[in-house]
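Residue numbers (the UniProt record's numbering), protein chains in the order written: chain Z, 1 to 468; chain C, 1 to 194.
Mimicking EDC-like on lysine to aspartate or glutamate, the simulated pairs with C-alpha atoms at most 20 Å apart in a straight line are: (1) K167/C - E21/Z; (2) K167/C - D25/Z; (3) K10/Z - D238/Z; (4) K52/Z - D185/C; (5) K441/Z - D53/C; (6) K10/Z - E191/C; (7) K52/Z - D178/C.
The set of hints was computed from the structure by calculation and includes no laboratory data.
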Amino acid sequence: MPQQKTLFDKIWDAHVVKSSEGHPDALYIDRHFIHEVTSPQAFDGLRKRGVKVFNPARTTATADHNVPTKDQHLPIKEALSRHQVETLRKNCAEFGVELYDLGHPYQGIVHIIGPELGLTLPGMTIVCGDSHTSTHGAFGNIAFGIGTSEVEQVLATQCVLQYRPKTMKIEVNGTLSKGVLAKDIILYIISKLSASGATGYFVEYAGDAIRNLSMEARMTICNMSIEMGARGGLIAPDETTFNYIKGRKFAPQGETFDRLVEQWRQLKSDDNAAYDLVLTFDAADIAPMITYGTNPGMGIKVTDRIPTVNELKDLSEQTSFSKSLEYMGLEPGSAILGKAVDYVFIGSCTNARIEDLRLVANMVQGKKKADNVEVWVVPGSKQVENQAREEGLDKIFEAAGFQLRQPGCSACLGMNEDKIPAGKYCISTSNRNFEGRQGPKSRTFLASPLSAAAAAITGKVTDVRSLV
Amino acid sequence: MSKEKFITLKSTAVPLSIENIDTDQIIPARFLKATTREGFGENLFRDWRYNSDDTPKDFILNNGTYTGKILVAGKNFGCGSSREHAAWSIYDYGFRVVISSFFADIFKNNALNNALLPVQVSDEFLKKIFAAIEKNPATPITVDLSQQKVVLEDGSSESFDINAYKKTCLTNGYDDIDYLLSLRDEIRHFELVH
Ligand code: SF4
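Produce the entire structure from the sequences given, and follow the hints as far as they go.
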């Protein structure tokens, strides 16, 4: 029997340019995405070394992290953000890199536009100076976030130096209950593994509950792999994947596409491939989830109580647990259901694709938001925004009192004006609930787009199963 | 590009006995708008150090008792966002070593790429370090990269792992890009045949 390999190992091995004793592997990168925040110092480095971009056609740039979500046609007001976006413009022009700038029909959050434009394909290696690059793994590729020094490596040589991570398989089998989304699956897994439980691993998601998900939902799962410490996550490609890619702007077309699909069908782990760790979960055990603390591992079923100090799995975490609840203004042992929220943020690379917006619109159609909440819907890309308008979702949002804004990272990390004020509670479809993530002293509850929509209607943390 | 060479460091340390310190705390997102690598130290742990009106808070970096080039932190240090600015800000503030019982992957890489040495010790030894500093804030800690050892004043020590390649880079002050640039012909060849 030939050596049994995981999908991860197959893709990795096919991209090693050089592997030498004592050195990390030099890994060839097929697709590189950059944005305004983590690239300027890398371009600076190239200038200082006097080198050009090795293969500019393999890098795509967009402006997303600190762009305003209103009046994008006007110059950015905030001077530092404007400077960063202008620097990106200059760097892309100087080094010959394609840029989807503000106002461009392809602009958007870097991890939304890659798949949407057909730039993200199975079997590739993909990197970006952003940890949620793991999103692209939903297409059956190796995608991971890198630091700015590594961005410079890729620009200079189209390679990064990497040590091969360990592999983990997470299988989710069975049928999901009504009202339970991909976001709940991943929040559930992270709550089981903790915020560091997958550190050092690359995760492959498998099982019929994963197979039955749409591409959008698979991206939500892979997106948050990093929230349990994993370098990335991937899902073997299948018909769902090929159908999604077919006909997209930069995807291979016609015969080339058909030929590639035949190759992509081979992209799966061998039956007896060995993983360093295999975990299995039952889809039936997953309920709508919500986080109560300040790391994404602090999640519970929405109907559960917040744990008490004595219930912690790891007693060494007592101090950070108490600090976290104090920050959140929540009592150990109390219920989270019914807790009033002030803001609802529907956006980010986790949940701002057209499918997410449709789900939300579907739930709020004919309803109105509660008076105590402000609701921001921030589409993941210009294409998502246009599609939403075409489908009339904007009318539904408007009637419900939701603000449909322009694409960008927005309140996911509060680098632009979209910040949650100090002390306020925001139920958010994004991926991080760290202290101050959505603005200084902001308080974040991470949840699915349906749970966020439900909270928008009721003004408080709600079990969406009572509404669907 | 040549960086400072790292051999051995003997210094007092700043203890930060909190777990899961994420890079959003190390350097909040709103300070990521610079386009150079310098000057981030000022905003290291900004929201833990200062109130919104810029008045200092009761935080260890504002407490003159603890100083030095070594930061000692609880487990899972540097989790969250991949921002390399976290490593830059710690370095720019003046630290050269971070000791913890566990590091997030990307942070560890970023640190190593910026001449900041992440030293992973056991939970027990970390406790011991915290206790030693608490007892005497002026206690020196020695981080010996060539021997891969952390030594406390009472003579107790623990060895730590570091990849041989990264160790060579740190001791010689060169980086990954220098190595990759030397492979350019092989990379061109790889592109042609794949
Ligand atoms: S939406 Fe949030 S998580 Fe995604 S790339 Fe932007 S800042 Fe990062």
